[in-house]
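There are 2 protein chains.
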Amino acid sequence: MNKIAEKTLKSKKILICMHVDPDGDTIGSACGLASALKKLKKDVELYSSSKIPDIYKFLNYAEKVKHKIEKTKKYDALVALDCADSKRIPDFEQLKKQCKIIINVDHHIDNSLFGDINFVKNISSTGEIVYELIKMLKVEINKDIATALFSAIITDTGNFRYSNTSAKVFKIASDLVEKGANPHFISTNIYESKTMAEINILATALNKIKIVFNGKVAYSALTKKEIDKAKAIEENMSSIADFVRTLKGVEIAAFLRETNDGKIKINLRSKNRNVRIIAKELGGGGHTKSAGVIINCSLNKAINTLLKTIKNKWKQL
Amino acid sequence: MNKIAEKTLKSKKILICMHVDPDGDTIGSACGLASALKKLKKDVELYSSSKIPDIYKFLNYAEKVKHKIEKTKKYDALVALDCADSKRIPDFEQLKKQCKIIINVDHHIDNSLFGDINFVKNISSTGEIVYELIKMLKVEINKDIATALFSAIITDTGNFRYSNTSAKVFKIASDLVEKGANPHFISTNIYESKTMAEINILATALNKIKIVFNGKVAYSALTKKEIDKAKAIEENMSSIADFVRTLKGVEIAAFLRETNDGKIKINLRSKNRNVRIIAKELGGGGHTKSAGVIINCSLNKAINTLLKTIKNKWKQL
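Protein chains in written order, with the numbering used here: chain D, 1 to 317; chain B, 1 to 317.
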């Protein structure tokens, strides 16, 4: 049996940790694993330093996520899900002292292997790895587990559209649907629960798209004023960069906006180029087709820096 | 062996017909079946009364589709794909005279069974039925067939988001990917080949969304002038209604616009209600979650008629 499954089975009190600004993959993986460990009678707690976006509240355990862990608490194991680096868990150094063993489960190619045990594979999603792990633990997948893992997988495959969507991903999806995951119900919650603020900010962003580099790069940049006018908050803007990428011929898409603390957040998306190189160059990270960075300058300066970096690195992307 | 497979195998010269205003299901099914029949050395022609939208031009055979059939030509069989009624093929009465047998392959629940043989099943897509048919014909699925059928299936399942997305659909998708279908390549062509006209008309439509009936119904209505200003054509507007449906709490979404010949085209979408009843009432048709109609009146009159009909029929939907 795999070492990680063995260690998990030996642990009694387990803390499952998500990354900062949690997305569907880290949340779905955490909720799915929590449901599975509960079936093994484990004492499980879920932790996220940031708020869980409303669209994931339908998942079992999502409402039970803790945002603060008392410093006196002790755990047999900390399971980090979907975290390329321990820095993705802001309180990691403190939590590490409270947990006997760190288990690192992730699918990012550049994972820093910060765990005592690392279960890192370069596949579609952490959800797909947790699916494997649950099989290793010999837990029968029920509707709650299936729903959570399905949510994790669709988040990181762009609902079966990205190049990490393998035949195996579809095989797993088929199994999860057989075990009770309802694709329509899940995708309605995740993709069809938009607020008018989300629609308004998307319309604003679409009206401001600029196309450069002979149609190969497109971006939209919004000021704090424009965001406030649409009454939009950060989680309303998570899919705008994906939308910019849907333009024909566009190979790299970017969405930039002023944050509440005066910095510039940039989401990068690509069809076939490696935008992780761009993000890394600017001090950020992520996947080859989806990466991001926050930089400290004006919006116009950020646009210029981004375009210059894309131009300089183009041949390597 | 199934009667339809038997008749197909006996036919030598086959005319494959798509429905008017062809979508990915009818086009993908036609291209996939054509590739399969070619492997059986059949003499195959594809016919569509209307233009094939550019986003499907990547499919093998899509560029070979005929838009006119000479009246002197004779065929052993006409295979109608994804046509609920023979009226969906404008030249059907003439073509019928030129073909020995009519084979009707479709997944619409209200199919009028107009064929000499009807292969009608209430499943995800005509693509899923053609997959079964190709298995019956014992043709090995190659990359071209897999790509075409995958395209058909994603079109009518909303890329695996609608309630017709069964465990079996995912099993078939897995098989098609194994046989060479590339989800990223296909979805980039279909969903990420938007023109600026498409982006502009979407932004215009999003800015005009009206929410009624306590947030349960949302619609957007565009005049011919607004459409012309965005330089949009009919195929640029096919996904706007889907977008309106993404609003949280919205059960029925509608998109109305003035057509070139002064009529009003309405697309209806729902999360859980039956919009086919609304479309039928107004003289149109379609599926329970996706239906449509063209009516002859002013835009304001159309909005009023639509809202009144939804109100009157609400309890049955």
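Honestly, the hints are just simulated from the structure, not real lab data. This one's a predicted model, so the numbers in the text were calculated from it and none came from an experiment. Take the hints with a grain of salt, since some may be wrong.
Said to hold, decoys possible - Covered, in the sense of this in silico footprint (three residues per stretch, anywhere, with C-beta under 8 Å from a C-beta of chain D), are these stretches of chain B:
| # | region |
| --- | --- |
| 1 | 171-180 |
| 2 | 225-239 |
Said to hold, decoys possible - Facing chain B, according to a computed beta carbon distance under 10 Å, are these residues of chain D, among others:
| # | residue |
| --- | --- |
| 3 | I55 |
| 4 | I172 |
| 5 | T259 |
| 6 | N260 |
| 7 | K263 |
Glycine included, every Cβ here is placed at the ideal spot set by N, Cα and C.
Tested hints:
| no. | hint | verdict |
| --- | --- | --- |
| 1 | 171-180 | holds (count 6) |
| 2 | 225-239 | violated (count 0) |
| 3 | I55 | holds, 9 Å |
| 4 | I172 | holds, 9 Å |
| 5 | T259 | violated, 24 Å |
| 6 | N260 | violated, 24 Å |
| 7 | K263 | violated, 27 Å |
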